[in-house]
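For the protein sequence lines, the chains are A, B, C, D, E and F, in the order given.
Under our numbering, the first residue of the first sequence carries the number 1, and numbering increases by one thereafter.
Under our numbering, the first residue of the second sequence carries the number 1, and numbering increases by one thereafter.
Under our numbering, the first residue of the third sequence carries the number 1, and numbering increases by one thereafter.
Under our numbering, the first residue of the fourth sequence carries the number 1, and numbering increases by one thereafter.
Under our numbering, the first residue of the fifth sequence carries the number 1, and numbering increases by one thereafter.
Under our numbering, the first residue of the sixth sequence carries the number 1, and numbering increases by one thereafter.
Heads up, none of these hints are tricks.
Result set (DSS-like, lysine-lysine): computed pairs, CA atoms no more than 25 Å apart in a straight line:
id : chain 1 : residue 1 : chain 2 : residue 2
1  : E       : 87        : D       : 28
2  : A       : 212       : D       : 335
3  : A       : 7         : B       : 278
4  : D       : 341       : D       : 416
5  : C       : 292       : C       : 416
6  : D       : 292       : D       : 427
7  : C       : 335       : F       : 87
8  : D       : 341       : A       : 212
9  : B       : 230       : B       : 367
10 : B       : 298       : B       : 249
11 : B       : 212       : C       : 341
12 : C       : 335       : B       : 212
13 : B       : 7         : A       : 278
14 : E       : 87        : D       : 335
15 : B       : 278       : B       : 298
Residues on chain C that point at chain D, a partial pick, calculated with CB under 8 Å:
id : residue
16 : 324
17 : 327
18 : 328
19 : 361
20 : 363
21 : 460
22 : 463
Hints listed in this document are in silico derivations from the structure and should not be mistaken for laboratory results.
For clarity, every value in this text was computed on a predicted model and none was experimentally measured.
All C-beta atoms, glycine included, are put in the ideal place defined by N, C-alpha and C.
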Amino acid sequence: MKIGVPKETAADERRVALTPDVAGRLGKSGLAVLVERGAGEAASFGDEAYQAAGATVVPAAAALFRQSDVVLKVQPPSRGEVRLCREGAALVAVFQPSAARDAVAALAARKVTAFSLALLPRITRAQAMDVLSSQATVAGYKAVLLAAAAAGRLFPMLVTAAGTLAPARVLVLGAGVAGLQAIATARRLGAVVSAFDVRPAVQEQVESLGAKFLRLEITEQAEGSGGYAKELSEETHRRELAFIAQHLKDTDVVITTAAIPGKRAPLLITAGAVGGMKPGSVIVDLAAETGGNCELTKLGRDVVRNGVLILGPANLPSTVPYHASQMYARNVSSFLLHVTRDGTLVLDFDDEITRDTCVTHAGEVRKP
Amino acid sequence: MKIGVPKETAADERRVALTPDVAGRLGKSGLAVLVERGAGEAASFGDEAYQAAGATVVPAAAALFRQSDVVLKVQPPSRGEVRLCREGAALVAVFQPSAARDAVAALAARKVTAFSLALLPRITRAQAMDVLSSQATVAGYKAVLLAAAAAGRLFPMLVTAAGTLAPARVLVLGAGVAGLQAIATARRLGAVVSAFDVRPAVQEQVESLGAKFLRLEITEQAEGSGGYAKELSEETHRRELAFIAQHLKDTDVVITTAAIPGKRAPLLITAGAVGGMKPGSVIVDLAAETGGNCELTKLGRDVVRNGVLILGPANLPSTVPYHASQMYARNVSSFLLHVTRDGTLVLDFDDEITRDTCVTHAGEVRKP
Amino acid sequence: MTYAVAQVAAILATALFIFSLYWMNDPKTARHAVVAGVSGMLVAVLATWFQPEIVHHGWIVLAIVAGFIVGIPLSLVPLTAVPQRTALSHAFGGLAAGLVGTAEYFLGLTEHPAQLTAFRTSAIVAEVILGFLTFTGSLMAAGKLQEVKWIPQRPVTYPGQNVVNIGVLVIAVALGVVVVVHPTAAWSGQVFYAIVGLAVLFGVLLIIPIGGADMPTVISILNSYAGLSAVAMGFVLGNKLLVTAGALDGSSGLILSIIMCRAMNRSFTNVLFGAFGTVQKTVATGEQKAWKQETVEGAAQLLEQASLVVVIPGYGMAVAQAQHRVRELYDQLTKRGITVKFAIHPVAGRMPGHMNVLLAEANIPYSALVEMDEINPDMPQCDVALVIGANDVVNPAARYAKGSPIYGMPIIDADKAKTVLAIKRSKNPGFAGIDNELYVQDNTWMLFGDAKAVIGELVKQLAGGGGLH
Amino acid sequence: MTYAVAQVAAILATALFIFSLYWMNDPKTARHAVVAGVSGMLVAVLATWFQPEIVHHGWIVLAIVAGFIVGIPLSLVPLTAVPQRTALSHAFGGLAAGLVGTAEYFLGLTEHPAQLTAFRTSAIVAEVILGFLTFTGSLMAAGKLQEVKWIPQRPVTYPGQNVVNIGVLVIAVALGVVVVVHPTAAWSGQVFYAIVGLAVLFGVLLIIPIGGADMPTVISILNSYAGLSAVAMGFVLGNKLLVTAGALDGSSGLILSIIMCRAMNRSFTNVLFGAFGTVQKTVATGEQKAWKQETVEGAAQLLEQASLVVVIPGYGMAVAQAQHRVRELYDQLTKRGITVKFAIHPVAGRMPGHMNVLLAEANIPYSALVEMDEINPDMPQCDVALVIGANDVVNPAARYAKGSPIYGMPIIDADKAKTVLAIKRSKNPGFAGIDNELYVQDNTWMLFGDAKAVIGELVKQLAGGGGLH
Amino acid sequence: MNDYWSMVFVFVLATFIGLGVIRRVSRLLYTPLMSLTNAISAIAVVGSIAVTGGEYPKAIRVLGAIALFASMTNIVSGFLITDRMLKMFKKQ
Amino acid sequence: MNDYWSMVFVFVLATFIGLGVIRRVSRLLYTPLMSLTNAISAIAVVGSIAVTGGEYPKAIRVLGAIALFASMTNIVSGFLITDRMLKMFKKQ
Ligand SMILES: NC(=O)c1ccc[n+]([C@@H]2O[C@H](COP(=O)([O-])OP(=O)(O)OC[C@H]3O[C@@H](n4cnc5c(N)ncnc54)[C@H](OP(=O)(O)O)[C@@H]3O)[C@@H](O)[C@H]2O)c1
Ligand SMILES: NC(=O)c1ccc[n+]([C@@H]2O[C@H](COP(=O)([O-])OP(=O)(O)OC[C@H]3O[C@@H](n4cnc5c(N)ncnc54)[C@H](OP(=O)(O)O)[C@@H]3O)[C@@H](O)[C@H]2O)c1
Ligand SMILES: NC(=O)c1ccc[n+]([C@@H]2O[C@H](COP(=O)([O-])OP(=O)(O)OC[C@H]3O[C@@H](n4cnc5c(N)ncnc54)[C@H](O)[C@@H]3O)[C@@H](O)[C@H]2O)c1
Ligand SMILES: NC(=O)c1ccc[n+]([C@@H]2O[C@H](COP(=O)([O-])OP(=O)(O)OC[C@H]3O[C@@H](n4cnc5c(N)ncnc54)[C@H](O)[C@@H]3O)[C@@H](O)[C@H]2O)c1
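Only chain A is shown next, with the shape it has when bound in the complex (with noise of 0.2 Å):
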């Protein structure tokens, strides 16, 4: 069986799906390995890393995606893509079935039984392929240090001859992974830290950071399935909102990572409480790719109200493309060995992870 790897064509993807070592892992396991030219190189990987490792390096996508069975990918895969697939190959991605619509047509229609690991179920055993867990840590991260870039203060207290630098105050609203990511970073950087979520179980999580938790008493029930949040009710939302806002007032960085899965980002900070912030203030938006959190977010722009700087950045994974990459690698081939048997593709749709991740199969789409 022959697994492809194509170069990424996204703009501003630089991450690539398959690492040169998990390249050579997979050969050892009996899959033979195809590259594209250039596929690694944004992610400093070159292509004399990939042949080292084993695989084969192909000059053109057209001629990968022809001898592939397995075409895996980071990016749902462009239209172009989809019509160089071969009929019945698979290929694997990270996409949101409904929010590419058209893809998931011309997959179907074009036979590939295509996977998405967007879709993967947060069980035990699946941990290891979750790359939204892998990506959402390097944008934890990744947003903090952007926020203390775009600040006009440093992070860390300092006593200094010229004098007191204060420590910055960092809310981070949604503790998911990536908001986790985020407090740990922040307070690695020497910021005073807290966190707001709806989910109470999350308390627990962010003291065990070191970083303080705020309490807003929620009657309703805030946590849906597989640990995710719920949306809430108008009231609940309406007193989160002021809730938030009064917090904001002395909060110097605010990172935002809320989300309910296959739903709109949670609106968490109005244009109103932005107002209330001090001006020099940074908030940085994980979410502006789903909607945002701030109504002022705008996906991929820098946006400053009332002296506040709102980032909403696009894909912040593909910015740390090397370790990116490597933490991907990582997890599509773990599915990959998950979903084939001696070297052989086996869909087993009785096993939850392939029936909850496999989008389209025979000319089917099978997730809306």
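Based on the hints, put chains B, C, D, E and F with the ligands in the right spot on chain A.
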């Protein structure tokens, strides 16, 4: 006596010479403070804050210069600013006279008493005025953030379900004030840090921050007066280059800060040494303004060579305007209070601080 | 003069015995303890032997030689059989005391009736009852431990057991009172035999209802009884050395069994009184494994003795914010030349790299961190696996329990270490909500409590070197 | 019967005294100790009083009432005078023992010469010597401590002192031997008086060469002597309670003085034998300001007693990488309810924010950090200023020494604290290369050594609470 | 003779106990401990009572009474002051 | 009588010592400690020798000899095995 704080005119200069807080303190000690409108805006200090602190906001630079007995600036005055200066007035800023001969000549011609805090002796009682230290602190911190944001990898070691991320190896060349702060910041982020400097006294200081010191046995005396370094002999310099090149091979991030006062920055990384580095590595050259420690550095530009990214940022402190201004203001006000007695300027050229910093006085250029 | 020599010898021997026990507190001095004990015993034997009353030496030499001939092989039993050997030894000790008591009584009866004062007679009766019950009790215990086929290993209970047991003892004591009151009556000898018989019987009855798990405690109590019978012998013979040595022995046996009961979560009174009433329940549950608790002192000692300690941190370390304490522990252990490794499971904690964040904060060097795949092959060489608030990531069920939510997850093989010390607050499960058999494994000892507090105590132990409070 | 009661009472009282001392191990149980002690004493007094031999009660009542009348006010002395009071009390105890011994001897001499066996007479002589030397020795010690004007506070030494002191004691003992050999000779009474006189003299001579700093240790040794004299009295009277209580007292006094000597870095034998030889040197150096060293134990105690501790870290903390140890210290102190503040000087260390970086790494909360300007007004309220490898930033010369390179630099006013503890490795100066008078200030105590090691020891002291081994 | 040896025996054992018990005392408690042992050492009161209350010549009994007074003072002040000091150890 | 009370006294004191000394034993040493106290409890050997070697009827002395043999076995095996176990505690 009136103290004037104009808005900085240099491009990309976001700092301001006095913050509202410090302006208020000067006001309390009997000095009248005039601030140009919007002077502090880029550093998030609004005009109202100055007014609240008792300063007078003056709409235009011309009026401000006309009224001020002492003008406090960050950058050396432009031609236009010198022209605005009142004859006999004083001016405080930070510049190397040798690098700003035009301005110095103009100031002398205009009989301005000009001080450059870059010339401050590094003595204990001058510590509170030491802008080089305070701004270098900011620069060292920010250099690491830039490097971390530009690197394709995370700094800390992380053991995750998607494999283990190795910690970044950071090498700091030149462990003066900025270098030490860079070491501290990189260590905070979880990197494995080593450092090199020619002054042997630095070893203990580097180790006092928990980093590793790379030791090159040097027979000559590398420490000059005032704790500064001297230029090395050619032979020693050659050994140094080879030593550094050797260590660069397994380094992910390099921060260079080496400087010799009044001289071009020493060359520490040759183009050849960059060629020996791993693709994806990052060099941040803090000495870019004085010629760069790396042969390939271009001031204010990002250079990529063999996959290695070389940043030569200009004026880093200005990118952290809030805290940099806060420290600058404390420094400059300490200096101001040092050279005033009962609300008037008193120049005592027997005093080391006054003598060393005064560049022009009574039409004379005192520092070439 | 010989009297003075005997007294000085007694004082010397007493002092040596005390030092012997004292040195036993610390592995470093423990071997002096043996030297002191042997010297004390030598002094005692020689001083007794050289008393002028000792006129026949042949039998003494004979008996001593025989003792050596039997004793040396007995000391070479495999270490697994040490408990049995100790029990057997107690049996001998009890027998000796019982026999000497009997001899004393009949000596009095036949030769010096005047010597059978109430005090001496009481002492003789006490000696004989304690001696013979220790004799058969210890034999039974040894048999159970050795798994001799005609002694049932599992506790044997029947209705009315308490009444029967107590009855036998009461009758023996009552007969004893009779003998004390009429020490020299014609039938007193018979009554005395009856006492011996009842004591022998009681020893058997005492052990029958006790299960194997409690045997070490029982042996310790029997040791205490043996000591008390020596005390009684001392009263009979007017020998202070016997009294002190016996008392040392009696009290140490008592303390030891109390400590062991506590460590094993057993009620001391239950074990003391032959499990009258309740122990059956706990013990009778049979095969089901129990949680065993270790004291901080014991855990500190275990760590001290190790040469490779693998620390396995989990979410509990994070919750407790114990990372700085862990670093102190790391310092204490490495200072002693012990190799300490941190085995980091990929999903320990609640976010990727959770453990790294904390350990880096506490400045644990990266070189001390080892990944799961690297450490697992070394786990069998690990002397102590210290599990700090980790649960799912060390749950062996992940290897085989098909239905379990963690089935298939690779784990850190803590269970393969020679000893496991596990810190957690309760018996509650971890994230996955499933039980963890690691905790009830034979070589696992729990340290219940908040990780920060427990490790703080451990560090205190290691730093301060003990003390009870 | 009364005899049995007396014996039971003696055993009971002994047990109570043992528990009393045992409970003293721990502040939590220490107050039980007093209850046990009082009960033991009550039992002892009543049991003795109700013996049939006691026929005259009037004087007893009188003496007891008098004892209360004097004892109660004595117990209300200010706490600073407690050492004197204890010494005085020992004097009373010694006096009592001496008097009883004397009474016993003359009773034997005049009424029951047969009772003056060699053993008893030896015991009496020992009791009398110990009692009277304790009496005058304790009086002298009390006088020195109370700074009574006709007792020189400072150690008084003269050539040949050792010979004289030992001579006096030898003569007393020799006379004692004479009395033991001829207990009832016509001149024995005179010899006995001579012994008493020499003991009284020896007590004075013993204390004269000892300086005030060693007084607590001396008092503890005198306590030991008082206990031994009670033992001797017990031998004389054949009273086991006296023997045990006296022995408890004697041994505890001994141990306590050994511990104290170690803690104060004094040679125990020097103190024991009246400082023969060496102690003088250390004490007599006189006016020139000297570096005074404190032991880790002493420093730990100082910290423990404080309610506000201000830690002043400097470059030395960074060099030693002591930040994690500092955090442990912080934990230990705050656990005891002590307020701990870190006073951060703007230029401490070698880079701006150097201390912040390290303290943050050790997770010292920001709220515990105080800037120089904020802490300085509070320094006079600070019980202990703990200077950790800081030098220039606490150098008072910065305030007034015009020529000094640091003149005019604001400093942290460590010198204004009630006590200063300073940790550094040597007497070398800091960055500015100038001497620091803070270190030789009256209320400053140095802890020489690497900061990491020293603070580690401090933490160990605070955590483990001492212990001898 | 016999009895004297018992005494010596008792003395040795009690010394062991004393050594064992005191070793672990916390430094904090040294001062109160000294007062306490001071009070306990006044066990000489037992001897004083015997001498004072027995059928002896007056001179002897006077010595005894003085001794009794001295011991009693110790007992009373020793225990009271120990207690006073210990009271101060109560933590907030 | 007197002497019996001494005995009781001695017994009580020794018990205190035993309690005090053993409390601090480490769990590691429980097994060797048990063997050691087992050996020490064979102090009954003293009584056995007295009975065996005295001028008594044969029957009595036989009992004594058996007791002596039993105690001696204990002493020998007890000390030896304790030592054997302790040897294993030597550090690397
Ligand atoms: N790393 C990730 O990215 C991630 C993300 C989500 C979920 N998970 C899951 O989280 C689990 C991680 O395993 P784990 O072994 O680290 O944790 P775990 O299985 O949740 O066990 C933690 C243990 O720590 C104990 N504990 C909690 N607080 C404590 C305290 N203050 N002091 C002492 N003990 C304390 C708890 O027992 P007591 O309550 O009895 O004290 C509990 O048994 C895995 O199941 C993993 O799949 C991981
Ligand atoms: N903060 C800045 O930006 C900066 C920059 C440059 C210079 N400075 C200057 O540095 C000085 C800072 O003052 P400071 O009080 O922090 O430092 P300091 O005056 O240099 O004193 C440090 C003290 O620490 C002791 N020490 C060194 N290593 C030690 C160890 N391992 N363990 C214990 N003690 C150790 C040294 O004494 P021993 O050798 O006897 O141990 C020394 O006296 C000021 O003079 C300041 O002007 C500051
Ligand atoms: N079992 C596993 O193996 C495993 C692996 C990884 C993650 N997880 C769990 O999955 C869950 C989701 O993690 P994620 O990072 O993907 O979540 P996510 O990206 O879906 O959401 C991020 C966070 O936003 C929060 N949020 C949603 N609405 C909010 C609102 N209105 N206000 C404030 N906060 C709001 C959520 O509670 C969540 O913590 C977590 O519980 C995580 O522990 C489990
Ligand atoms: N006394 C005070 O109050 C005070 C205050 C601030 C700084 N200082 C001292 O001033 C000195 C200079 O600090 P700075 O940051 O301004 O220095 P700088 O900016 O002039 O130089 C930075 C570093 O580069 C190093 N360097 C020079 N040539 C090199 C070469 N060829 N290779 C490697 N490294 C080289 C220097 O040794 C120095 O450490 C330091 O010793 C600092 O401690 C003193």
